[in-house]
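S.K.: Single-letter residue listing:
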Amino acid sequence: MSEKSEQNRLSVFKTYKLYVGGKFPRSESGRVYEVTDSKGKWLANAPLSSRKDARDAVVAARKAFGGWSGATAYNRGQILYRVAEMLEGRKGQFVHEVADAEGLSKNKAAAVVEAAIDRWVWYAGWTDKIAQVVGGANPVAGPYFNLSTPEPTGVVTVVAPQESSFLGLVSVIAPVIATGNTAVVIASEKAPLPALSLGEVLATSDLPGGVVNILSGKASEMGPHLAAHLDVNAIDLTGADADLARELEIAAADNLKRVLRPRTEDFAGAPGTDRMTAFLETKTVWHPTGSLGASGSSY
Amino acid sequence: MTSPFEYAPAPESRSVVDIAPSYGLFIDGEFTDAADGKVFKTVSPSTEEVLSEVAQAGAEDVDRAVKAARKAFEKWSALPGSERAKYLFRIARIIQERSRELAVLETLDNGKPIKETRDADLPLVAAHFFYYAGWADKLDHAGFGANPRPLGVAGQVIPWNFPLLMLAWKIAPALATGNTVVLKPAETTPLSALFFADICRQAGLPKGVVNILPGYGDTGAALVAHPDVNKVAFTGSTAVGRAIAKTVAGTDKKLTLELGGKGANIVFDDAPIDQAVEGIVNGIFFNQGQVCCAGSRLLVQESVHDELLDSLKRRLSTLRLGDPLDKNTDIGAINSEEQLTRITSLVEQGEAEGAERWSAACEIPAAGYWFAPTLFTNVTQAHTVARDEIFGPVLSVLTFRTPDEAVAKANNSQYGLSAGIWTEKGSRILAVADKLRAGVVWANTFNKFDPTSPFGGYKESGFGREGGRHGLEAYLDV
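Listed in order, the protein sequences are those of chains A and B.
Residue 136 in my numbering sits at position 133 of the first sequence; the count goes up by one each step and never skips.
Residue 198 in my numbering sits at position 162 of the second sequence; the count goes up by one each step and never skips.
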């Protein structure tokens with residue numbers, strides 16, 4: 004693109020929309036809020052999601068859970084890797100959005116986006132390994148076959164980090180879905196645009212609709228409803244401040260949601276496995292083995 | 037009614053256990069009175085005989101015990117794992133040595149049959165300490181990274197259904213990982229925990245590493261709310277678990293909860309009926325059904341419903357209810373008057389809602405708390421007896437036609453602790469087990485436990501696992 008055409012041509016703005024059930028709705032409330040860059044310059048009007056949007060997202064996530072948790076781990080890995088591929092191709096767009104959102108230089112924003120792409124690759128590889136690492140056979144004292152395997156918890160509400168609008172976002176979504184959970188994500192309130200654009204990438208990565216649902220707006224408005232929602236199984240409070248985190252943890256106790264509390268975190272560091280294990284259940288299956296004779300085989 | 041097959045009484049001797057007229061709290065290695073001098077009585081539920089008078093811990097005692105545990109933590113957590121291991125091995129061995137005494141004690145205080153305390157509770161208690169003893173010096177290899185750290189002081193609250201076994205599930209992994217503990221046993225069954233305190237002394241366990249605080253719910257509430265407790269572990273009702281989760285919200289306390297259940301025991305038409313009947317009986321009448329993972333909902337394939345129910349009723353009619361110390365007793369006493377009232381009222385509700393009640397005809401002793409083995413047929417998923425945890429010897433029978441329907445009904449519960457599958461078809465076992473949202477699935481067996489096998493629930497049955505490598509995580513800073 005030449006300098007001349009940049010000067011003359013009026014650019015086409017994008018209407019940022021939610022990502023729910025594989026579709027791109029506006030907020031049912033019709034509300035939007037102004038999103039600015041780090042210097043206060045207007046960037047876009049983002050949907051200000053309502054309680055109803057949050058509930059719709061839970062319905063979509065629940066509907067998607069059976070298929071996604073039942074998909075083979077290999078298949079989930081392929082799809083997570085496909086997300087990385089799609090992101091790689093749209094790197095320029097995300098560098099631009101992250102630079103605006105977080106006030107980073109082009110170079111620094113590029114490093115963040117690249118780390119986020121690599122994070123999808125990391126978790127893509129985990130899908131068919133985590134069960135071997137955290138599950139296994141238990142040598143019970145009796146004639147029983149006994150096997151423990153991890154299973155996804157279910158629908159997970161994710162309060163995404165407020166500051167790290169993209170690397171942080173990817174770092175909290177990918178581990179949730181890698182293991183077969185489905186997610187309702189509340190994006191960074193002040194910097195939701197990279198999250199809403201991520202929805203467009205997920206929609207073209209063979210990820211079934213509803214596996215990830217992305218809402219923009221206020222965590223303090225949607226959070227209490229999602230934390231109290233009886234069809235949500237777990238909540239990641241990473242992006243909630245201390246007061247909100249406590250309020251949401253109390254609400255989450257009503258149906259004993261699994262809660263991942265906020266902690267100081269460097270998303271540029273090595274991710275480890277604990278964000279996956281936080282949203283895994285362990286199922287242990289017993290069956291009698293019978294016996295072919297007391298002495299066994301000597302061969 | 038006399039029959040040539042009547043059993044003569046075969047009571048286990050009580051003389052093996054010496055219960056003192058009173059017991060104190062166990063804090064910092066000493067038995068001590070409660071600060072406010074409060075005491076409560078513990079009775080034998082099969083006779084209503086007062087067994088002993090026990091000090092009742094208040095908030096001040098909780099504070100004293102937590103301080104003792106905090107003080108002990110520094111040295112205990114700094115001990116080489118191999119030394120901690122040896123203390124736990126000592127405890128395991130002493131439990132084995134005193135196993136008969138503890139079994140009789142547990143039967144007296146809890147009301148469950150000696151057959152169960154002797155053959156299930158006590159062997160599992162010793163095995164649990166033995167298992168976690170071995171982990172103490174191997175934590176680097178447990179899959180949580182190098183040198184995983186203990187959390188600090190663990191506040192643990194346990195129920196009355198398996199008093200000593202639940203103590204073992206709590207204390208063994210906590211100590212192996214280097215934590216110190218303050219444990220509150222249930223108010224109706226404090227004695228075995230106090231005997232355990234004596235075992236700690238015999239083992240030479242450093243003072244303050246284990247503290248035992250008998251008391252009621254308010255003692256437990258004070259313990260989990262104490263600001264210097266780093267870890268809370270609770271086994272009990274979902275209602276109390278919920279309250280505890282709210283108490284620790286917004287703190288750094290790590291929480292694991294082992295709560296209620298309404299386990300589905302699914303019997304397919306190809307299952308061997310006699311084995312299934314034994315499994316069903318074991319599933320819901322073991323420990324008078326006062327088991328969180330009890331198979332309290334029987335889901336039976338329609339085509340074998342009548343045949344199975346006939347066999348089941350015939351089998352239930354042979355169960356012997358009575359003196360828990362009698363070695364032939366199958367069904368002991370309900371643990372408390374309060375629990376008996378709860379069971380009775382839920383059963384009345386079941387009848388009022390239109391489910392059909394059948395109870396085994398057995399003689400109910402004049403004293404004590406008893407409930408005859410009972411089942412409900414014509415139960416729908418909306419009935420209270422199909423939804424609420426009864427925690428007693430009461431089975432609700434529902435039917436299904438297809439495996440999909442069985443799975444849907446089994447999962448139609450706020451709980452997700454256990455489930456059973458009875459079928460000869462291997463692929464069906466695996467397919468159904470895969471779809472059940474429950475932490476433990478027993479196929480062609482039921483109510484099996486082992487220290488190496490992780491135990492714990494999905495959904496409102498709680499979170500975290502006890503047992504196995506998984507059980508370490510609850511007590512490590514990982």
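Warning: the hint list may mix true and false statements.
Said to hold, decoys possible - When the alpha-carbon atoms are kept at most 20 Å apart in a straight line, the in silico PhoX-like pairs for lysine-lysine are as follows:
1. B:K122 / B:K111
2. A:K42 / A:K20
3. A:K94 / A:K132
4. A:K66 / B:K122
5. A:K66 / A:K55
6. A:K66 / B:K471
Just so you know, the hints here were simulated from the structure itself, not pulled from any lab data.
Here the structure is a predicted model, which means the values were calculated and not measured.
S.K.: Does K122 (chain B) lie within 20 Å of K66 (chain A) when you go C-alpha to C-alpha?
M.R.: Not satisfied, since the Cα-Cα distance of roughly 52 Å exceeds 20 Å.
S.K.: Hinted pair, alpha-carbon criterion (20 Å max): K66 (chain A), K471 (chain B). Please report holds or violated.
M.R.: holds (15 Å)
S.K.: Take the C-alpha atoms of K66 (chain A) and K55 (chain A), compute the straight-line distance between them, and say whether it is at most 20 Å.
M.R.: The given pair, whose Cα atoms are some 17 Å apart, holds under the 20 Å limit.
S.K.: Keeping to a limit of 20 Å between CA atoms, is the pair of K42 (chain A) and K20 (chain A) held or broken?
M.R.: violated (23 Å)
S.K.: Assess, step by step, whether the Cα of K122 (chain B) is no farther than 20 Å from the Cα of K111 (chain B), and give holds or violated.
M.R.: It holds: about 15 Å lies between the C-alpha atoms, which stays within 20 Å.
S.K.: Check the hint pairing K94 (chain A) with K132 (chain A) against an upper bound of 20 Å on the C-alpha distance.
M.R.: Violated. K94 (chain A) to K132 (chain A) sits at ~28 Å, over the 20 Å cutoff.
Violated hints for the displayed structure, listed by number in ascending order: 2, 3 and 4.
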